[in-house]
Every structure is written in C-alpha cells, then in structure tokens.
Amino acid sequence: MLREALTKILPRSWQDPDMKFYRDFAKAVSKQTGTKMARIEDIFGGILFKDGLPLFDMANYAGYLKIGAGKVWVTWKCCDIKGHVLADTKFLLTRLGGDGKEVRNVPLQTLMQNPNPSDSWSDMLYKWAFHYDLTGNCFWYKDGANLNGDQPKALFPLNPKRIQIQVNRETGHLQGYLYRAGVTDIPFDVEEIIHWKRPHPDNDYWGLGEVEAGEDDGTLNHARSMTWRMAS
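Per our numbering: the sequence shown ends with 313, consecutive numbering throughout.
For lysine-lysine, the following BS3-like pairs were computed, each having C-alpha atoms within a straight-line distance of at most 27 Å:
(1) K242 to K208
(2) K234 to K223
(3) K242 to K223
Worth flagging that the hints you see were computed from the coordinates, not collected in a lab. Predicted model, so just to flag it, every value in this text is computed and none were measured.
Can you build the whole structure from these sequences, using the hints too?
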C-alpha cells in the first residue's frame, strides 16, 4: 500500500536507482523525530551482495542457481533453512488410500536410506529444496526403472541447468530429456525421470521458480527487494 501511494505521488523518485528519495526521506524523519532510519539491506551491506550480481545473470537457470549458491546471501539462507527442515523431517511410508499405518517395504526403504553412492537421503532432499525454490524444477534420475515395472536401483539428483526437455513438435507431448554432462548429451526416457515442477501460468513444461517470478529488467534495488520477499 505504501509503495503504491508513493509511486503515484513521486514516480520519478521511486524509480531512482540510487535511492535518493529514501535517503532524503530518512533524513527528514530523523530531523523531526530524532530517530535514525536505516534500510535492512544497508545494515547487512556486502553480506547480501558479495561481489555483486549483474542483472543479466538472472535470466536463466544457471543464474537462478548462482543467486542461491552464494551471490545473494539471504536467498541462500532461505533455501538452506527450508532444506534443513525438509531433510530433518521424519517420513512414514504408508499405503495410498490405506489407514495411515506404516507399511514395510524393504527395497523402497533401502533405496531411501542409500539413494546412490554419493548422496544420502538428506542430501537429496536438501538439493531438492534449492532446485525447486530457485528454478521451480527438480529432477531425479531413476536408475534401472523402465516400463516393464522394474523398480529403480538408485536415485540421482540432476542439476536443472543441465536439463533439456524434449517435446514432440506435432503433438506437444513430452518425449524425454537430455542431460548435458560436460560436452555430452545423455538421453533419458520419460519414465526414467521424476520431474517436480511448480505450476507455471505461461509454460507447459517448466516450473516457475522464486527468482524468475520476481525477475525484472529494472534496478538492483528491485532485485534486493525481491530477495527479501523470499525470506517471508
């Protein structure tokens, strides 16, 4: 409400990339009330934007992941908190449509305890939180799964920035995935990949992440404001 009101009254000052309006406003309040005002971004200073982040880096999944991997500290911290909560949550295996009692499934429980040689189940969930929040997409490869009903022998998280979705141009149906490993594209069938995606109002195949949803070609101040909204 305050932002809308100020935009109507002082549109040019609102768009000032140097935030001169805010500095003048803070000085006026301090003079009248004796209370010093400071923006929370100024208090944290370089912790939030260490080394800076060009706005053009916010235009693809590699850029979105970079934001949550140290370029914007508070964004990383938000994902870190969610990741730890998710990883520390106790899960109970139940039967779909059943009475809610725990079900024993040794192969599945073994897979969840040791999804692959490099990642624990907690690692998988922690990465899931980052990928899903930052890009709106999370991909897991089911090693050994097929249409014959064979269950996966291992689960591997795939970085969204390395994924290409293959779509039939005539029907629009999903055909498979390509994963870029170095200079090699590895094809995957649809049944080999688990794809979680946040609903996207303008894309049928990719999810909408936190960063893309707040992406703007405006000033760095907008990026800062968008980042702090993620903390709420």
